[in-house]
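Q: Given next are the chains, with one letter for each unit.
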Amino acid sequence: MLQSVIFYALAAGTIASAAAVAFSRNIVYSTFALLGAFMGVVGIYILLAADFVAMVQLLVYVGGILVLTIFAVMLTQGIGDVTISNRAVGSVPALVTVAIAGAVMLYAIAHTRWHQAALHAAAPTTYGIGNAFLGDYVLPFEVASLVLLAALIGAIVISRHEARE
Amino acid sequence: MRTLVQTLLASGFFGRNTPYDLVAAIAVFVLSAAVFLGVAFPFAGIVSWVERRVWARIQSRVGPNRVGPNGFLQWLADGVKHVCKEDIVPTDADPVLFKMAPYLVVLAFVLPWAVMPFSSALILADLNVGILYMTAVTAITVVGVLMAGWASNDKWSLIGGIRSAAQIVSYEIPAGLSIFPVVLMTGTLSMQGIIRAQGWAPQHWFLFANPFTFVAANILFISALAEGNRTPFDLPEAESELVAGFATEYSGMRYLFFFMAEWGNLFIIGAIIATLFLGGWQFPRVSNNPVVMNVLELITFNVKVLFLVFVSMWVRGTLPRVRIDQLMTLCWKYFVPIAFANMIGTAIWVAIWPEGNPVAGYIMFAAGIVVAIVFIRRVVFYAKRSQMELYYYPTI
Numbered sequence: 001m002l003q004s005v006i007f008y009a010l011a012a013g014t015i016a017s018a019a020a021v022a023f024s025r026n027i028v029y030s031t032f033a034l035l036g037a038f039m040g041v042v043g044i045y046i047l048l049a050a051d052f053v054a055m056v057q058l059l060v061y062v063g064g065i066l067v068l069t070i071f072a073v074m075l076t077q078g079i080g081d082v083t084i085s086n087r088a089v090g091s092v093p094a095l096v097t098v099a100i101a102g103a104v105m106l107y108a109i110a111h112t113r114w115h116q117a118a119l120h121a122a123a124p125t126t127y128g129i130g131n132a133f134l135g136d137y138v139l140p141f142e143v144a145s146l147v148l149l150a151a152l153i154g155a156i157v158i159s160r161h162e163a164r165e
Numbered sequence: 001m002r003t004l005v006q007t008l009l010a011s012g013f014f015g016r017n018t019p020y021d022l023v024a025a026i027a028v029f030v031l032s033a034a035v036f037l038g039v040a041f042p043f044a045g046i047v048s049w050v051e052r053r054v055w056a057r058i059q060s061r062v063g064p065n066r067v068g069p070n071g072f073l074q075w076l077a078d079g080v081k082h083v084c085k086e087d088i089v090p091t092d093a094d095p096v097l098f099k100m101a102p103y104l105v106v107l108a109f110v111l112p113w114a115v116m117p118f119s120s121a122l123i124l125a126d127l128n129v130g131i132l133y134m135t136a137v138t139a140i141t142v143v144g145v146l147m148a149g150w151a152s153n154d155k156w157s158l159i160g161g162i163r164s165a166a167q168i169v170s171y172e173i174p175a176g177l178s179i180f181p182v183v184l185m186t187g188t189l190s191m192q193g194i195i196r197a198q199g200w201a202p203q204h205w206f207l208f209a210n211p212f213t214f215v216a217a218n219i220l221f222i223s224a225l226a227e228g229n230r231t232p233f234d235l236p237e238a239e240s241e242l243v244a245g246f247a248t249e250y251s252g253m254r255y256l257f258f259f260m261a262e263w264g265n266l267f268i269i270g271a272i273i274a275t276l277f278l279g280g281w282q283f284p285r286v287s288n289n290p291v292v293m294n295v296l297e298l299i300t301f302n303v304k305v306l307f308l309v310f311v312s313m314w315v316r317g318t319l320p321r322v323r324i325d326q327l328m329t330l331c332w333k334y335f336v337p338i339a340f341a342n343m344i345g346t347a348i349w350v351a352i353w354p355e356g357n358p359v360a361g362y363i364m365f366a367a368g369i370v371v372a373i374v375f376i377r378r379v380v381f382y383a384k385r386s387q388m389e390l391y392y393y394p395t396i
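If you read the protein sequences in the order shown, they are chains Y and C. Per the working numbering, residue 1 is the first one in the first sequence, and the count goes up by one each step. Per the working numbering, residue 1 is the first one in the second sequence, and the count goes up by one each step.
Any given hint could turn out to be false.
What the hints assert, rightly or not - A few chain Y residues facing chain C, derived, Cβ under 7 Å:
| hint | residue |
| --- | --- |
| 1 | 49 |
| 2 | 51 |
| 3 | 67 |
I should point out that these hints are in silico values taken from the structure, not numbers from a laboratory. Using N, Cα and C, we set each Cβ at its ideal position, and we do this for glycine too.
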């Protein structure tokens with residue numbers, strides 16, 4: 001009962017923040033509204049007893065990605081009035097795209113057989129995640145870290161290139 | 001917490017059919033409010049007075065001594081003054097974000113208290129991911145500071161906010177990497193688990209467990225000072241360049257919120273170091289009475305934390321402010337590589353001695369005592385040579 005109330009409150013908060021991100025005319029408001037969306041997701045992870053994932057979400061998304069986004073937004077000009085740069089995409093094609101995507105999603109939600117786990121007390125997940133990363137999933141884990149390394153080096157190369165010119 | 005809720009339900013005070021969750025939720029709210037209002041906020045206030053007094057003595061001044069005995073009530077007077085002040089929002093500022101920013105900063109200050117291990121029983125929530133939680137929630141401060149800097153619509157505020165964010169984001173990396181050696185040695189992220197893995201005697205603390213943890217403790221303390229915007233790293237509020245940094249346009253209670261969080265963060269910094277490296281609340285088992293033991297543990301923990309708070313005041317009164325390039329050089333060119341080396345070194349150490357090396361603890365502790373004696377001798381030597389007048393009374 002209480003869990004349902006908390007879940008719907010978190011979901012409503014997350015969706016409201018996400019809507020604010022999408023619909024706000026002020027790009028700074030959009031970025032700060034991301035905080036609410038990220039925090040809502042953290043809350044849902046906690047409700048699902050995924051304590052480690054929740055904390056990493058908070059650390060990486062709020063502490064890292066959100067701050068970087070705010071930095072980037074603050075260094076741009078004309079924050080108050082955003083001009084939509086791509087006029088080629090009108091409202092009719094956008095509506096069609098959204099309608100198709102929404103229909104696919106509704107179909108997927110309706111036809112998925114949702115696996116319902118039995119209720120049990122929250123157990124620590126950190127050991128399991130660590131063992132999985134360095135056991136069964138060690139190859140995907142290493143490949144993901146290689147991708148990140150490549151992105152890191154790529155970012156440095158691009159920024160150094162601009163500095164030279 | 002669970003036993004408390006079960007005791008409450010068994011006492012029949014709430015009636016027969018009260019759901020467990022509801023009682024648990026009420027207990028969480030009441031206890032959290034008690035910790036925040038009874039410990040966190042008064043601590044932040046009192047520490048502001050203590051700091052002004054300590055700082056004044058270091059600089060041969062008197063400091064605030066008018067309100068109450070030795071000026072002890074100064075923090076209450078300041079609070080009343082700030083509440084009574086007009087809450088000014090500049091015309092060109094963004095009113096919504098301007099008003100919201102101090103709350104985010106205070107939120108990031110109150111959240112870590114949930115996992116504060118005051119004693120073996122006194123902890124609001126002994127999370128399995130306690131230390132990770134502590135580092136994650138303090139990251140919300142950056143968002144509040146950036147919000148304040150941008151919403152003020154003022155160049156000083158914006159530069160202060162961006163400096164603060166750059167500083168916190170940079171120093172989070174060495175701070176986070178310095179936590180890993182301890183996690184590697186204990187195999188747990190829980191605050192109580194880390195404390196239980198240590199002993200009450202200094203040679204069993206993680207500070208002296210091996211050379212790598214000793215370096216990690218120092219890096220963590222310095223990085224935490226930088227994250228807390230403390231001198232010598234208080235560039236975001238550098239008075240000589242930026243007026244008051246991101247807080248320039250704030251007045252009244254909103255201004256006080258920023259500084260309450262800053263002073264209160266001293267306790268959190270001290271608590272993280274005390275938990276990870278100084279044995280937390282560990283106290284020799286002198287009594288079988290749990291109440292007596294918990295009181296002794298509470299005192300032990302607070303003595304360790306307050307000592308570290310005093311050290312940070314001491315540093316603030318002694319060292320000059322660094323430049324921004326020096327700050328970044330220190331972080332990226334020295335702390336990050338050293339912290340990585342520490343992590344690998346600890347991993348090798350743990351691989352060689354999985355149960356820890358007891359001899360290393362004694363050797364490290366002895367070395368620590370030698371360093372402390374040399375330091376005290378130098379201080380006494382210079383104090384004698386400069387023939388300065390020493391005042392031994394703490395009050396004036």
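Q: A separate judgement is required for each hint: does it hold in the structure or not?
A: We went through each hint and held it up to the structure:
1. 49: 10 Å, violated
2. 51: 5 Å, holds
3. 67: OK, holds: residue 67/Y within 7 Å of chain C, min 5 Å.
Hint 1 alone, counting from the list given before, is not met by this structure.
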